[in-house]
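Bring the two chains, given one by one in their own frames, into a single complex with the hints.
Read top to bottom, the protein sequences are chains A and B.
Residue 260, in my numbering, is where the first sequence stops; the numbers in between run on with no holes.
Residue 271, in my numbering, is where the second sequence stops; the numbers in between run on with no holes.
Honestly, the hints are just simulated from the structure, not real lab data.
Warning: the hint list may mix true and false statements.
Here are the computed distance ranges between Cβ atoms for each label pair [what the hints assert, rightly or not]:
| hint | chain 1 | residue 1 | chain 2 | residue 2 | range |
| --- | --- | --- | --- | --- | --- |
| 1 | A | P70 | B | A158 | 25 to 31 Å |
| 2 | A | G30 | B | A118 | 53 to 59 Å |
| 3 | B | T115 | A | H226 | 33 to 39 Å |
| 4 | B | I117 | A | A55 | 32 to 38 Å |
| 5 | A | H226 | B | W179 | 35 to 41 Å |
Okay, the calculated bits of chain B under chain A, using three or more residues with CB under 8 Å as the criterion [stated by the list, open to error]:
| hint | region |
| --- | --- |
| 6 | 180–194 |
| 7 | 205–213 |
Short derived list, chain A residues pointing at chain B, Cβ under 8 Å [unchecked claim]:
| hint | residue |
| --- | --- |
| 8 | G73 |
| 9 | R76 |
| 10 | V78 |
| 11 | S84 |
| 12 | Y138 |
| 13 | Q154 |
Glycine included, every Cβ here is placed at the ideal spot set by N, Cα and C.
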Amino acid sequence: MSALLSLRDVWVEYGDKIVLERVDLDVEAGSFVSVIGPSGAGKSSLLRLILGQEAPTRGTILLDGVPLAPECGPDRGVVFQRYSVFPHLSALRNTVFGLECEKAPFSARLFGAARRAATEEAVEMLRAVGLGDSLDLYPAQMSGGMQQRLAIAQALIKRPRILLLDEPFGALDPGIRADMHALITRLWRDYALTIIMVTHDIREAFGLGTRVLALDKRRHDRQAPHRFGATAVYDLPLRRDADGPPAEDVRKIEERIGHE
Amino acid sequence: MRWVNRQVRRSDRVLLGSLPILLLVLLYLFLAAQRHAANPADKILPLPSGMAEGISALLFQPDQLTGKLLFWADTLASLERLGLGLGIATLAALLVGLVLGVLPPVRATFGPLVTGIAVIPPIALLPILFIALGLGETAKVALIVIGIAPVMVRDIAAHVAALPREQIVKAQTLGASSWQIMIRVALPQAMPRLLHAMRLALGPAWVFLISAEAIASDVGLGYRIFLVRRYLAMDVIIPYVAWIAVLAILMDVALTYLSRRLFPWAHGASH
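So here's chain B without its partners, still in its complex pose (with noise of 0.2 Å):
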């Protein structure tokens, strides 16, 4: 049988799926143990006790300076960040990118405006963004925005404007205007694809956050990890990752959940 047709059952997928990573994870252990063998105090690859102990201190033990849990109080202030500018991106994304989908005259007036923004790396406007916004929360979540949203933009956009030529006259024959259009054929249709690129936008906000985190900020997931970078600290580093990843994984499949339960009729003829 060809391999473009074999199908692979449910509960094998699981079991395919989780071998490439458990075949990692124990070449890990195994690397770190050879390197514990030769040297106990080895800082580099540090073994699952290690990396319990590093981190349940962040966990359990109240910061001296600030009396928080400094693991909670990072992984609040990171989701907070991440969240407004997530927010604030999908946002402008579904109003801006409805109106220059639908109406030709904005998409001719502001199209230019938005690639151009879209083609400027956004960290190199983070000195900009802390000169202007200082180097509090609002220039972090500015980072995130900027970074996102002229992407989310123009794929919202493009969706619109790619809906059928027959659907939006077929609305005109019906009597709607383009006020109408807008609200009750193009949002409409335009919400799953916003889903969608909320999930494809979580990766570079993560980068935006961690490197925005990095550079100024005293809380947060990606400050923790530069800061004990210092001390080679490698014991809090690869848990504190290992959670970024499953926060972001978290995520995509709320993400996709949601876009199934309140959209059906995007996912297929089955619903």
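Isolated chain A (complex conformation) (with noise of 0.2 Å):
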């Protein structure tokens, strides 16, 4: 199977400081990739990278074989920690937004028969995150969970091929957290999805990736640490229907990048 996404030798600098080194990473369609590290060893760099919010210093990003442009796309959703749903529409035109961006490039807005079926389809995919009650409440009267399943619906009514979180759960109660897990989990197989996840979370990343990426920097110069940057350091598959991560791996990664 040829790679969804292929990063082949990228750096990113900013002025002198080196955050991104010799990367070299290949996600197969259908993989859940975990994004782990200490702060500061570019995890949100590289989703950045892939993003299209900013462009690497050297190197190349291949989306199916395509260099992808140093710019945003419908190809590539993404949820974040905070203010990824937008505070004026309710939860319904938040998710048909996507839709009539598209459909409608001039008023980004639908009437008649294009909107009735774009409304359902919002409501559809509403449902499947567990929103089909709260179709016009606005993000303010949400809690902090159901405004993440909002984004996350937001995102995949475009059906992007890659779904980007970039610590998505992280200001979430650990009882919503669960919940939360659960639904990505159902998400990602019911649609077929390929994520790649950023998280400080490492139980996180072992329990809902099939493949956990540790980066952190391979070298360390004392006097001038910010000219050695980081990498995949641990690069481990997982088997989903496996009992658990394997501790002995867990174990290593803890102790290299410790517990945030």
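If you want it as structure tokens, here you go:
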């Protein structure tokens, strides 16, 4: 199987600070990649690269074998920790937004039959994430968990090739977080998604992913710590049907990148 | 209990709020009565009866020259100028502010110009306006527009530019173009801020209106005040100033109400 997303010798530098160095990565369609690592190890930089928010300083990124434009596009969906939904739109309008943008380039609004069809699709999507009863609520009236559900529905309605999650459950209570884990696992299966998730939580990374990527610096220079960037120090494929992650691997990674 | 924790009930708030106003009115009446006891013809601090007399002439008796009821003619003329000035400035703030806020190249190009215009004291431009546009309505409206628009433009631009980056990125991943982000993401979120900017601009707008009317006009609230000043007609000036205050408060309340009514999502979780 050829890779859906490939990073080839990718470097990210800000001035003389090297954030990522020599990142080589292939992500297969249908995989759920968890990215972990200490703060400042370039997890978010990696996500921004794939998202197109930033261009790599060196190296190439291919999506379906085509070089990625350094701009966000509808083939890559995203859910951030916060601010992913539009506060001035109800849940339903938030979800319809993606369809409106595609089908009405000038007015960004749909009318008549097209509007009914789009609304129907959005309602179905909102039901799938468990917001079927909250169509007319505004984000400010929703809990943090509901807002993240909405952000997921909003992204999935565009059927993105890759769904990027940037610490999506980091701000949620533990109970809600468990519900969200179940939800994202179900959606990943039902919609055959390819997911790349950045997280602080090692347990979450192993619990959800089919593959865990740990970013860290390979080399340290005491005099100039910023001159070495991070790269993938561990890259572990996991079997979802196994009973829990291999304890040995979790221990090794915890030792290496520590708890936060 | 600490004072920072003392909450005032709604009914008590009305009472407390009206107390200083009542005290000021009482103080005025006391001083006015004192002056009138010494000199019944005093013009500096007129009694309410004197003010009623002075203003009723403007309210009910048509002016001999124009045949108009001057109070209403003044009010209408001033509100028209204020409305036009505020309207044009608001429209400019929305259009320019939105484009400046959303599109970095436009901000880089025109941002310094807007800042430059904003730091010029508008009254210093008044002679230029009078020379260029004549002494008619255009110059007065233009003064209001030049006086308040740059601040409003900068406010809207800053507000739009401060929208979370995540929202703009998210919109792009949903397939939105620059134009669609402008009209569907930035514009609706700029609207409550625009009404807020209008409220804040009302004060300066009145200042520029009164200034323009004081210098060259033949009708208007500011014109009347500066005209009757020559006769020490405090019995007209004070009711006019009170009337201007009432108009300003009404506009402020209307804008607040409008914002809550039209954009409930911008006013807290409870709606």
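(request) Check each numbered hint from earlier against the structure, then list the numbers of those it violates in ascending order. (result) The structure breaks only hint 7.
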